[in-house]
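Protein sequences, first through last, are from chains A and B. Here the first sequence stands for residues 1 to 116, where the numbers follow our numbering. Here the second sequence stands for residues 1001 to 1116, where the numbers follow our numbering.
Just so you know, these hints were derived from the structure itself, not from any lab. Among the hints, erroneous ones may be present.
[What the hints assert, rightly or not] Some but not every residue of chain B turned toward chain A, in silico, with C-beta under 8 Å: (1) Leu1047; (2) Thr1108; (3) Gly1109.
[To be verified] The list that follows gives simulated cross-link-like pairs (lysine-lysine, DSSO-like), each with its CA atoms no further than 27 Å apart: (4) Lys78/A x Lys1103/B; (5) Lys1070/B x Lys78/A; (6) Lys1103/B x Lys104/A; (7) Lys1073/B x Lys44/A.
A virtual CB, placed ideally from N, CA and C, is assigned to each residue, including glycine.
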Amino acid sequence: EAGVAQSPRYKIIEKRQSVAFWCNPISGHATLYWYQQILGQGPKLLIQFQNNGVVDDSQLPKDRFSAERLKGVDSTLKIQPAKLEDSAVYLCASSSFRGATNEKLFFGSGTQLSVL
Amino acid sequence: AQTVTQSQPEMSVQEAETVTLSCTYDTSESDYYLFWYKQPPSRQMILVIRQEAYKQQNATENRFSVNFQKAAKSFSLKISDSQLGDAAMYFCAYRSATGTASKLTFGTGTRLQVTL
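With the rest of the complex left out, here is chain B (with noise of 0.2 Å):
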C-alpha cells in the first residue's frame, strides 16, 4: 500500500517570501500521479499542482512550484511571493496511474501561516 508522509504539522513565511512545504512518498509503482491540495477554512480542497511520475520536469503553476525526485521518492511544495490568501492546509496525495480505482491517498497535511 502506499503512504504520504509530511513532516511539517506547521509551517510559517512572511508575505512576500518564499517556503517550502516538504512530503515523501513510499510506492512500488513505478506510474503515478503527485499532487498538492490547498484547504482554506471553507474545507474545500482546491487542486494546486500535479505531477506526472514519468515526467522528468518540475510542474509549475504560476507562484507554485514542486521539486519531484522520484528515487528519493520526494515531492516538495515552493511557494514563491507567498500571499495572504496563501495561508491554509495544505495535503500532498499520491494516485496510482493504473487500475481503474483512482483513489487518492492523503498526508496529513501542512498548516501555512502567512504573516505580515
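Chain A on its own, in the form it takes in the complex (with noise of 0.2 Å):
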C-alpha cells in the first residue's frame, strides 16, 4: 500500500515569496490533515478536510495560507507571502475516517520550508 507522498521534501525560499506544497493521501481516504511542525514544538492542525470540505480551519493563518483540495483527493497548501516565522515542517496526514474518532493516522515526511 502506498503511503502519503508530500513534494518537494525541502524547499528555501526569500522572506515575502510565495510557495505551495502537495500532497497525495492514501487513495480511499476521505479525511485529510496538514500540520505545521516549528522546529522544537510539536505539529500543530493548520486545515482539516472531510473529502473536498474544510472541518477544522481555526489555526489557519487565513491572510497568507490557503488550501484547497479538489475532487477530494490531492491538496494544495499555499504560503504567500512567506514571513520568517513560517520555517517549519509541513505535515500532511490522511485518514480513512469511517465516523469513529479512533481512526488511525497515516503521515507523509513532511515538507521542510526555509524562509531566509
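Need the complex rebuilt from these two chains, each delivered in its own frame; the hints are there to steer you.
What follows is the structure, encoded as C-alpha cells:
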C-alpha cells in the first residue's frame, strides 16, 4: 500500500515570496490534514478536510495561508507572502474516517521550509 | 482547550535497558484517546501505541507499554529492551472522542538517544 506522498521534500525561499506544497493521500482516504511543525515543537493542525470540504481551519493564518483539496483527493497548501516565522516542517496526514474518532492517521515525510 | 505537556526534552538509555518517557495532559472531557508517536530523522510520524480513556487496562505493543493514570492525567511510555532503532523524537498526543473534528494535540516531544 502506497503511503502519503508529499513534495517537495525541501524548499528554501526568501521572505515575501510565495510557496506551495503538494500532498497525495492514501487512496480512498476521505480525511486529509495539514500540520505545521516548528523546530522544537509538536505538530499543530492547520487545516482538516473531509473529502473536499473544510472541517477545521481555526488555526490557519488565513491572511497568508490557503489550502484546497480539489475532487477530494490531492491537496495543496500555499503561503503568500511567506514570513520568517513560517520556517517549519509541513506534514500532511490522511485517514479513512469511517465516522470513528479512533481512526489511525498516516503521515507523510513532510516538506521542510526555510524562509530567509 | 486541551494541552499536552512533555517535561523531558531529552532522555538517554543504554541498549537493552528500559526507559520511561513522561507525558501529562489537561482536559475537561471524560472520553478521549491518547497516543505516542515516534518521529525518526525521516520526519514521518509513526504511531507507537494508543490508549482509549475508557479502558482501565494499560495498552501494550511488543516492547512498548503505557502507564495510564486517568485521575492524575498522566500517560507515560515505557520502552523495554531498547534498541538502536528506537532513537527518535517521541510525541505524546491527545484526541477528543466526541465530534467530527478529530484533531490531534501534540506535546513538545522528547528526544530519545540510545547508546551502546
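Status of each hint after checking the structure:
no., hint, verdict
1, Leu1047, "6 Å, holds"
2, Thr1108, "5 Å, holds"
3, Gly1109, "6 Å, holds"
4, Lys78/A x Lys1103/B, "21 Å, holds"
5, Lys1070/B x Lys78/A, "40 Å, violated"
6, Lys1103/B x Lys104/A, "12 Å, holds"
7, Lys1073/B x Lys44/A, "21 Å, holds"
In this structure, only the earlier hint numbered 5 is contradicted, and the remaining ones agree with it.
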